[in-house]
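A.B. asks: Sequence:
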Amino acid sequence: MSKLFAALLLRSCLVALSCLSTLPALADEPARKPDAAPEVLPYVPPKDASSEGSVTIGGKAIAYQAVAGTLQVSEKDKEDLEAKDVKEAPQASLAYVAYFRRGADTAKRPVMFLYNGGPGSASLWLHMGGFGPVRVQTGNDKHTAPAPYQLVNNEYSLLDAADLVFIDAPGTGFSRIQGKDKEKAFYGVDADARTFARFINQFLVKYGRWNSPKYLFGESYGTTRSAVLVQLLQAEHNIDVNGVILLSQVLDFDQSADIPQLNPGHELAYALALPTYAATAWYHKTLPQQPAELEPFLAEVSRFAEGDYLRALIAGPDLPAAEQRAMAERLHGYTGLPVEYIEKANLRINGGGFSQHAQDARGLTTGRFDTRFAGTSVDRLDKEAFYDPADTAIGPAYVAAYNEYVRKTLKFGDGQAFKPVIDLWRSWDYRHRTPFMDFAGPTNVMPDLALAMKRNPHLKVLNLAGYYDLATPYAAARYELRHLPIPPELRGNIQSIAYPAGHMIYVHLPSLKKLHEDVSGFVEKTRG
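Numbering-wise (our numbering), the sequence shown opens with residue 11 and increments by one.
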């Protein structure tokens, strides 16, 4: 969080994408020069800091070695530079924290690479909230009290299942970039994935982990990265991956709930967001009739969303007025939104509008990353939510806790600025060159993941989603995976699990416990 990016940052990212996707003729044109380049911090040469620790998981103490360091990744391979008679290429010094279980057989011990998204987010969210050996305590669905924050033993760390490598994307955290045209070299869908592929290759060399079972764990935009990355690892580095774990998934940006109104004709995004609206209304008890149980209710809403509702949206202006009114009343029953508001919205409710109006009668703005959260509305006359109460409720705790932990416990980062999130939406290149295509188009990485599964029929995919995630709705993720262009015999390689949580599933402690069980079980079944 996936921080994946601040709430307004991702919304802005998707606005930029929408503009590209509605103008395919521009796909081969150079990216627009940004109004202002993102802040670039001083470059940090590669270095390491090693320490030791112990974490108790399931009542058993696990001793580990922690290495906080950097690896230098070039935009170009040495052979590419020689072929083009170029002496230097832009460089990225990628920061990471790796945890190795002491005494383990590294030839058989799985290694998992974890990263958040944004684009423009460091990996502290997965690290300090989910799967590192310590985690920061935050409020379940309320704003966390200010410092001092509590760091506790993380009994749900994944160190019992695999060695863990948390990676900060270029320019985020303690990662730095340098060289001519450095932003162009690293800030884009394809450039980013290629950088991560080179990092993983170098990591396997440095730590002798070529024969270890390998896993990719991405959150939010990190899932977009994973789909491109797993294919690149196969195609360009001869590295097969055992499993890809997609937490809060987004593969096709056209399905985003943030800006479908700027992408006319793509009605599916509205339908795929509806189950999340319904789950949110159920949680806050704003429905005209409250169902007793959530999941049967969501099954009913999903059938309606992809059936009657989608057909009504496709009908557009041909939908009779009486049917429009009836549809608005049904949507009121599933969302709690006023019928008059739904009619004014022409049955098309985007994420920002829902966040602003779902609890408007209470004077509250509903969360985006996690709709269980709510905060006082800044201006009740706003059309869309002004801020994300979920992001502001827990973000400061993560940032403070990580800065304290990495500098004092891991002994890394003294004298350096740590950047949890950087503003990249103006300079990020959303164009993606799908494998075997001669041109780049909008961001849809479903073909990449499908190709990786075809080339490696043993590759398994685990999709993890929260019912209360409005940033990357769970119904959209399931739709994407159902529509991967793969043969029937590979569909059994995909598993989807949903939790009563938001974008950062691990914020909800009962879900974190089950998350640990599900991911550990996935690794155990796929490690070979």
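The set of hints was computed from the structure by calculation and includes no laboratory data.
Note that this is a predicted model, so its numbers are computed, not measured.
Certain hints may be false.
[As the list claims (entries may be wrong)] The calculated DSS-like cross-link candidates involving lysine-lysine, where the alpha carbons are at most 30 Å apart (straight line), are:
{"id": "1", "residue 1": "K418", "residue 2": "K57"}
{"id": "2", "residue 1": "K152", "residue 2": "K57"}
{"id": "3", "residue 1": "K393", "residue 2": "K354"}
{"id": "4", "residue 1": "K470", "residue 2": "K295"}
{"id": "5", "residue 1": "K118", "residue 2": "K152"}
{"id": "6", "residue 1": "K57", "residue 2": "K194"}
{"id": "7", "residue 1": "K464", "residue 2": "K393"}
{"id": "8", "residue 1": "K523", "residue 2": "K535"}
{"id": "9", "residue 1": "K152", "residue 2": "K464"}
{"id": "10", "residue 1": "K57", "residue 2": "K216"}
A.B. asks: For each hint, tell me whether it holds in the structure or not.
C.D. replies: Here is what the structure says about each hint:
| no. | hint | verdict |
| --- | --- | --- |
| 1 | K418 / K57 | holds, 17 Å |
| 2 | K152 / K57 | violated, 39 Å |
| 3 | K393 / K354 | holds, 12 Å |
| 4 | K470 / K295 | violated, 38 Å |
| 5 | K118 / K152 | violated, 42 Å |
| 6 | K57 / K194 | holds, 25 Å |
| 7 | K464 / K393 | violated, 45 Å |
| 8 | K523 / K535 | holds, 19 Å |
| 9 | K152 / K464 | violated, 44 Å |
| 10 | K57 / K216 | holds, 13 Å |
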